[in-house]
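> Protein chains in written order, with the numbering used here: chain A, 26 to 188; chain B, 26 to 188.
Each hint should be verified, as a subset may be incorrect.
[What the hints assert, rightly or not] Derived BS3-like pairs (lysine-lysine); straight-line CA-CA distance at most 25 Å: (1) B/Lys174 <-> A/Lys140; (2) A/Lys140 <-> A/Lys75; (3) A/Lys140 <-> A/Lys174; (4) A/Lys140 <-> B/Lys75; (5) B/Lys140 <-> A/Lys140; (6) B/Lys174 <-> A/Lys174.
[As the list claims (entries may be wrong)] Some chain B residues well away from chain A (every beta-carbon gap over 12 Å; in silico): (7) Asp71; (8) Val89; (9) Gly109; (10) Gln137; (11) Val141; (12) Asp150; (13) Thr152; (14) Glu155; (15) Glu162; (16) Tyr170; (17) Arg183; (18) Thr185; (19) Leu186; (20) Asn187; (21) Ser188.
[Claimed, not checked] Counterexamples of contact, computed for chain B against chain A with all Cβ distances above 12 Å: (22) Leu125; (23) Glu153; (24) Phe156.
FYI, nobody ran anything at the bench for these hints, they're computed from the structure.
Glycine is no exception: its CB is placed at the ideal position from the N, C-alpha and C atoms.
There are 2 protein chains.
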Amino acid sequence: MTSTTDPTTESAVPSQPQWGSVSTSGHWTGGQRTEIQARQFEFVVDEPAKLGGTDTGPNPLEYVLGGLQGCLGVVLNTVSNELGYSLDGVEVTTTGTLDLRGFAGVPGVSPQFQKVDGEVHVRGDLTEEEFTRLIDETERRCPAYNLFKDSGVTPEFRWTLNS
Amino acid sequence: MTSTTDPTTESAVPSQPQWGSVSTSGHWTGGQRTEIQARQFEFVVDEPAKLGGTDTGPNPLEYVLGGLQGCLGVVLNTVSNELGYSLDGVEVTTTGTLDLRGFAGVPGVSPQFQKVDGEVHVRGDLTEEEFTRLIDETERRCPAYNLFKDSGVTPEFRWTLNS
Numbered sequence: 026m027t028s029t030t031d032p033t034t035e036s037a038v039p040s041q042p043q044w045g046s047v048s049t050s051g052h053w054t055g056g057q058r059t060e061i062q063a064r065q066f067e068f069v070v071d072e073p074a075k076l077g078g079t080d081t082g083p084n085p086l087e088y089v090l091g092g093l094q095g096c097l098g099v100v101l102n103t104v105s106n107e108l109g110y111s112l113d114g115v116e117v118t119t120t121g122t123l124d125l126r127g128f129a130g131v132p133g134v135s136p137q138f139q140k141v142d143g144e145v146h147v148r149g150d151l152t153e154e155e156f157t158r159l160i161d162e163t164e165r166r167c168p169a170y171n172l173f174k175d176s177g178v179t180p181e182f183r184w185t186l187n188s
Numbered sequence: 026m027t028s029t030t031d032p033t034t035e036s037a038v039p040s041q042p043q044w045g046s047v048s049t050s051g052h053w054t055g056g057q058r059t060e061i062q063a064r065q066f067e068f069v070v071d072e073p074a075k076l077g078g079t080d081t082g083p084n085p086l087e088y089v090l091g092g093l094q095g096c097l098g099v100v101l102n103t104v105s106n107e108l109g110y111s112l113d114g115v116e117v118t119t120t121g122t123l124d125l126r127g128f129a130g131v132p133g134v135s136p137q138f139q140k141v142d143g144e145v146h147v148r149g150d151l152t153e154e155e156f157t158r159l160i161d162e163t164e165r166r167c168p169a170y171n172l173f174k175d176s177g178v179t180p181e182f183r184w185t186l187n188s
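If we strip away everything but chain A, and leave its shape as in the complex, we get:
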């Protein structure tokens, strides 16, 4: 993930898979609460009281959306570094909408997100053309974005530059 290869140049790119992996473990502690271990880090997943939890941490889907937002940050930064763009700030808001009947077990209703949308506000010394390329490359190369896209729920982000 540290490649500085220009993404538009097909020469000198590996033709064989370059496998990488990510591993975590989860320890359910009762109720709606699970402790996650990821390398040296630990984080707590829980639900608020109204959803039967003890509200000691974000809920599972908040982590999934936060992971998407962090992933956008990593790819925006990586692509900007590759292309020599100057990035001064990124703010992302995201909302995922679900039909709760799916979680409740109603047959035929998907439990996963029906829609994901939000805004990405970028600040930087970029032309409109560079900004468009940055968006395109980020959406093309972000693992979490493509997890959603491949699931049929492409995140609908409104991207703004310096506004």
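Put chain B on the given structure of chain A with help from the hints.
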């Protein structure tokens, strides 16, 4: 998400969508690092130094996998409560495998997970038949599991009971 409706009974289930939403915001702080706000909680997304980060928190995909694990915990607990099953413990390990060429921008290579697998060890006073039903209901109703499944990367979990 607090329904106690028996999932096999179609009577008394809502026929109209029951919309729920989850929202988070992300503030990129430079490099590979983003701070996420989810209700009253904040968590940090970063990358280890070898991936250009400052290693101040889990990376984006660790949060996504942790969210999946926490989601399994919530649904296992919820379904067990509904069906009167006694659940004593759940341990989940998960590994996501990627072809890093996708992130690096190699045309035609997907950046998202190529495979997700792991183990779910359940302890509880369950018959084999009850355990099978618990797995089926959980995989059917878990939002994060179905995000992966719908993306074409169904998590391949080996489920064990009291072993």
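> Next step is simple, just say for each hint if it's right about the structure.
Do the hints match the structure? See the list:
In summary, the hint linking lysine 174 of chain B to lysine 140 of chain A is supported, as the alpha carbons are separated by about 16 Å, within the 25 Å threshold. Simply put, lysine 140 of chain A and lysine 75 of chain A have alpha-carbon atoms about 23 Å apart, close enough for the 25 Å limit, and the pair holds. Annotation: proposed proximity of lysine 140 of chain A to lysine 174 of chain A holds, straight-line Cα distance about 11 Å (limit 25 Å). Between lysine 140 of chain A and lysine 75 of chain B, the direct Cα distance comes to roughly 35 Å. Violation of the 25 Å bound is thereby established for this hinted pair.
For the given pair, lysine 140 of chain B sits about 24 Å from lysine 140 of chain A by alpha-carbon distance, which is consistent with the 25 Å threshold. This hinted pair checks out: lysine 174 of chain B and lysine 174 of chain A have alpha carbons roughly 12 Å apart, not beyond 25 Å. Against chain A, the non-interface label of aspartate 71 of chain B is violated: not every CB pair exceeds 12 Å, the least being about 8 Å. Not every CB of chain A is more than 12 Å from the CB of valine 89 of chain B (nearest about 4 Å), against its label as outside the interface.
Even its closest Cβ contact with chain A, about 15 Å, leaves glycine 109 of chain B beyond 12 Å, as expected for a residue assigned away from the interface. Separation of glutamine 137 of chain B from chain A is inadequate, the least Cβ-Cβ distance of about 4 Å not exceeding the 12 Å criterion. Non-interface status of valine 141 of chain B relative to chain A is broken: a Cβ of that chain comes within 12 Å, the nearest being about 9 Å off. The non-interface label for aspartate 150 of chain B is consistent with chain A: the shortest C-beta to C-beta separation is roughly 15 Å, beyond 12 Å.
Non-interface status of threonine 152 of chain B relative to chain A is upheld: no Cβ of that chain comes within 12 Å, the nearest being about 20 Å off. With a least beta-carbon separation of about 16 Å from chain A, glutamate 155 of chain B lies farther than 12 Å from that chain, consistent with its non-interface assignment. Residue placement check: glutamate 162 of chain B does not keep its beta carbon more than 12 Å from all beta carbons of chain A (closest about 7 Å). The claim that tyrosine 170 of chain B lies off the interface is violated: its Cβ sits roughly 8 Å from the closest Cβ of chain A, which falls inside the 12 Å cut-off.
The beta carbon of arginine 183 of chain B sits about 14 Å from the closest Cβ of chain A, which is more than 12 Å, so the claim that it is off the interface holds. Taking the minimum C-beta to C-beta distance to chain A, about 14 Å, the non-interface status of threonine 185 of chain B holds against the 12 Å cut. The beta carbon of leucine 186 of chain B is kept farther than 12 Å from every beta carbon of chain A, the shortest such distance being approximately 14 Å. Against the 12 Å criterion, asparagine 187 of chain B stays outside the reach of chain A, whose nearest CB is about 15 Å from its own CB.
The claim that serine 188 of chain B lies off the interface holds: its Cβ sits roughly 17 Å from the closest Cβ of chain A, which is beyond the 12 Å cut-off. With a least CB separation of 4 Å from chain A, leucine 125 of chain B falls inside the 12 Å interface cut-off, contrary to its annotation. For glutamate 153 of chain B, the non-interface assignment is confirmed: its Cβ lies about 20 Å from the closest Cβ of chain A, beyond the 12 Å cut-off. Listed as outside the interface, phenylalanine 156 of chain B is consistent with that label: its C-beta sits roughly 15 Å from the nearest C-beta of chain A, beyond the 12 Å cut-off.
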